[in-house]
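Engineer: These are the residues of each chain, in order.
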Amino acid sequence: MLRLPEGMERVWLMKAKGMREVEIAETLGVSRQAVNKALKDARVKLFEAFFGLAEVFSWDVVRVNAEKGFMVARGKCGDENVRIYAFYIPGRRVRAFFEGEFPEYILKHAVEMGIIEKPDKKELVKALES
Amino acid sequence: MAVRVKWSYASSLVLTSIALLAVLYILTGMDAFWDLSGIIFWISLPLLWPRPVRFEENALILERGWPKVFLRRKLPLGEIREVINVSSAERLRLIRYMKGAYLWLFLWLTVGILGLLMNAPPGPYLWGNWIFWGLVAFIREAVPVGDRLFTSLCIFATALLLAGFFYRLNPDYALYFGGIGVLMALMYADDDSRPSGVLLVTDDGVYLVSPFGDEEELLNNLSSVLIGEGQNRKDKLQESDWGAANAQTP
Numbered sequence: 000m001l002r003l004p005e006g007m008e009r010v011w012l013m014k015a016k017g018m019r020e021v022e023i024a025e026t027l028g029v030s031r032q033a034v035n036k037a038l039k040d041a042r043v044k045l046f047e048a049f050f051g052l053a054e055v056f057s058w059d060v061v062r063v064n065a066e067k068g069f070m071v072a073r074g075k076c077g078d079e080n081v082r083i084y085a086f087y088i089p090g091r092r093v094r095a096f097f098e099g100e101f102p103e104y105i106l107k108h109a110v111e112m113g114i115i116e117k118p119d120k121k122e123l124v125k126a127l128e129s
Numbered sequence: 000m001a002v003r004v005k006w007s008y009a010s011s012l013v014l015t016s017i018a019l020l021a022v023l024y025i026l027t028g029m030d031a032f033w034d035l036s037g038i039i040f041w042i043s044l045p046l047l048w049p050r051p052v053r054f055e056e057n058a059l060i061l062e063r064g065w066p067k068v069f070l071r072r073k074l075p076l077g078e079i080r081e082v083i084n085v086s087s088a089e090r091l092r093l094i095r096y097m098k099g100a101y102l103w104l105f106l107w108l109t110v111g112i113l114g115l116l117m118n119a120p121p122g123p124y125l126w127g128n129w130i131f132w133g134l135v136a137f138i139r140e141a142v143p144v145g146d147r148l149f150t151s152l153c154i155f156a157t158a159l160l161l162a163g164f165f166y167r168l169n170p171d172y173a174l175y176f177g178g179i180g181v182l183m184a185l186m187y188a189d190d191d192s193r194p195s196g197v198l199l200v201t202d203d204g205v206y207l208v209s210p211f212g213d214e215e216e217l218l219n220n221l222s223s224v225l226i227g228e229g230q231n232r233k234d235k236l237q238e239s240d241w242g243a244a245n246a247q248t249p
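Protein sequences, first through last, are from chains A and B.
Sequential numbering from 0 applies to the first sequence in numbering that gives the first Met the number 0.
Sequential numbering from 0 applies to the second sequence in numbering that gives the first Met the number 0.
No wet-lab data here; the hints were simulated from the structure.
It cannot be assumed that every hint is accurate.
Chain A regions said to be covered by chain B (calculated; three or more residues, Cβ under 8 Å) [stated by the list, open to error]:
(1) 51 to 58
(2) 64 to 70
(3) 117 to 129
All C-beta atoms, glycine included, are put in the ideal place defined by N, C-alpha and C.
Make the full structure from the sequences, and use the hints.
Structural biologist: As structure tokens, this is what we get:
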């Protein structure tokens, strides 16, 4: 499964946590154009990872957010339709979960990324779906 | 697959112009404003006619216009932040992305209420329709995509309120709004009538690409392009500053 190159991942993470491109450039000591290019490349790579994952497992993509690094998809588990939530976790690549069965580290990650304010499973599902 | 007519800057300009000309017509009574709004509407139809979305190597091409292309937007893949299959996103409220809906509601209600207050020709029936359809469009964007029952109830309640108001003016109008309310409520209760299309959230705005019921095909094409593009970039990354030392593949 795809993993973003370290430098690109750092830029993407800083942006996902709410930093502006100029601030990222100043922090890393690179040009704003380099930051912008890294972000665009990161988005394409994340889309590639999520769409690729959906294709491999024949899931229907509902939503892919390359800015915060998550995907919502529909799939089959036996005869049942299930909802799948996948996240790009820096250092751990992509992790997918069925029907909101999130471990603690995903909730913590979602809070860090600004997807939710407090680590709550229901709140995370709501944020991902709406 | 085509770009849906509404929500572009050009469409916004057309709809705002029509509403403002209608206000001027109501305030001044000059037929020229009304005629001009009609002319703008009919001219805008071919100019903004949706055309199929094309995929280029690393971009989506969104075009409008008939018989020739009048508006064109090249959307590089790197500019896309988010992709949403609207009909599958049960709890999605389109209004979260379509802030223009507030403006349309304001404009349509302003025209309708002003027309009623000024008793402008051709009469309350027309101005009531501005209010009703303005509210229906807003409800459609404001209620979660999958909540068909609530959408229907809101539309029916809107029609009932208007019917109650118009009953005092003319019972025929009340009958019309009651009838259209039932019809629209039944129509919107049907799952097939849920909003559809693929929402593309980009750096410079939101595009609702409407593939007329074939969102999966659009997403599959997008997926193919993205995966192909990703492969190309993966090769390039081996030589770039960001990826040289750390590029990892499965």
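Engineer: Are the hints correct? Go through all of them and say.
Structural biologist: Do the hints match the structure? See the list:
1. A count of 3 residues in the segment 51 to 58 of chain A with a Cβ less than 8 Å from any Cβ of chain B is obtained; the coverage claim is therefore met, three being the minimum.
2. Check result for the segment 64 to 70 of chain A against chain B: holds, 3 residues qualifying (beta carbon to beta carbon below 8 Å, three or more required).
3. Look at the segment 117 to 129 of chain A against chain B: 3 of its residues bring a Cβ nearer than 8 Å to a Cβ of that chain, three or more, so the hint holds.
When the structure is compared with the earlier hints, no violation turns up for any of them.
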